[in-house]
Every structure is written in C-alpha cells, then in structure tokens.
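Chains as they are written, first to last, in my numbering: chain Y, 1 to 115; chain B, 1001 to 1110.
Treat the hints as calculated values from the structure; they're not laboratory data.
A hint or two may mislead.
Cβ pair distances, simulated, as ranges [claimed, not checked]: (1) Y:Asn26 with B:Asp1078: 29 to 37 Å; (2) B:Asn1053 with Y:Gly16: 22 to 30 Å; (3) B:Ala1017 with Y:Gly40: 24 to 32 Å.
Which residues of chain B face chain Y? A partial, calculated answer using Cβ under 8 Å [claimed, not checked]: (4) Gly1016; (5) Tyr1039; (6) Ser1043; (7) Phe1049; (8) Leu1075.
Beta carbons: idealized from backbone N, C-alpha and C, even for Gly.
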Amino acid sequence: EAQVTQNPRYLITVTGKKLTVTCSQNMNHEYMSWYRQDPGLGLRQIYYSMNVEVTDKGDVPEGYKVSRKEKRNFPLILESPSPNQTSLYFCASSLTGAAGTDTQYFGPGTRLTVL
Amino acid sequence: QKEVEQNSGPLSVPEGAIASLNCTYSDRGSQSFFWYRQYSGKSPELIMFIYSNGDKEDGRFTAQLNKASQYVSLLIRDSQPSDSATYLCADLDSNYQLIWGAGTKLIIKP
C-alpha cells in the first residue's frame, strides 16, 4: 500500500531533550516536506527536500533540522525542543514537487507536546 | 508575503444543500490550486486541483478558478454529513511552493 508513515504518532517530552520524528514514504517520491499545524494558522512549512541531499528552509525553520540521506526517509530533528514547538506535525511527499498537478500525500501526523 | 485567505467558519449548511467555500490568493503568478479536506485529528487528503480558469467538476465537487479576481472556490452539491470537515485551499506559487490557507470548517446539519 502506497503510504507515508510517521513515528511516533504522539510524543510528550520536556524542554531541551533532543528528539527525532521519522518520516518514510514507499512511493519513490522525490519531494518531501514537513509541516506544522496550529489552530487558526493552518499548515506552515518547516523544511522541504526536492531530492536526496537537497534540503531547503520553509516558512518556519527555526529550531528544526532535517536530513535527506535516502530518498524514502526525511527525519525531523528538534535539537532542543521548547514549549512553542508544541504542535501537530505532518510529513508529506509528492512525485516531483514542481509540477502543477502534483498531489501531496500526507502522513498520519505526530502530536508533539513539549513541557 | 504571499498569502492564501479563507474564512475560518464554521460554515453551517443543511444536508442536501450546496456548500460554497471560497479562497483568495495574493500571488498573481500562482499556477495551480488545490482543495484538501481534513477531518478532525486526521491528515489532509486531496479533493481536487484546478489550474485553468473556469470550472472543473468531479462528482459532487466543482472547483472554480478566476485568475483575474484571484479567487478559487469549491462547491459541494447535495451536501452530506460526511462532508463535515475543514477544507484547506492551497496554491502553487510562482516559486513552486505550496501556500496554504488556514482552512474553513464546514458543518453539514442533518
């Protein structure tokens, strides 16, 4: 089954404790992206990757890191989480990210709470 | 700052009626527009996209694009309670980046 998977689905942590949220897709998509979603603000892009070893900042990259060593995986790293990073996080992928008809497929989401 | 604006709602529509959702965008170079549906606690899923002026129909859904006025709308005919969700509008801007609206919450009342 074609899908985007994220782990963990739920995470409660404390300020400053490094964490990684994994994202994997099995559709051989070139483009992958991380979003956070907060009430009233919609989806805001954190980082995106057009292909392996190519990553770029989105609208809200501060406090986050990503890597794209393999095509299928795009982990999101919070080196020193803070309470303002409490949010719902979505990973998404699409075939190329540069076509007008590209559909983004979303993972199930990770609800992160930073105390 | 490129923006996509949507009324947050909630928009309440009786079952069987037409629900009309609207979205305006700021980037005149935007190329394509997408409507996603998001049920509470779930991830967004694509309903349809449109890139040409005019109407595009898919089942009970019709997307309308007016590039001169910079708005895009989604009509849902014969609304069902299962259509109750938040509808997200997104536009692929001139830099091939998706710009998202905050979404409109739609409630279909039986």
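Kindly indicate which numbered hints from before are broken by the structure, ordering the numbers from low to high.
-> 2, 4, 5, 8
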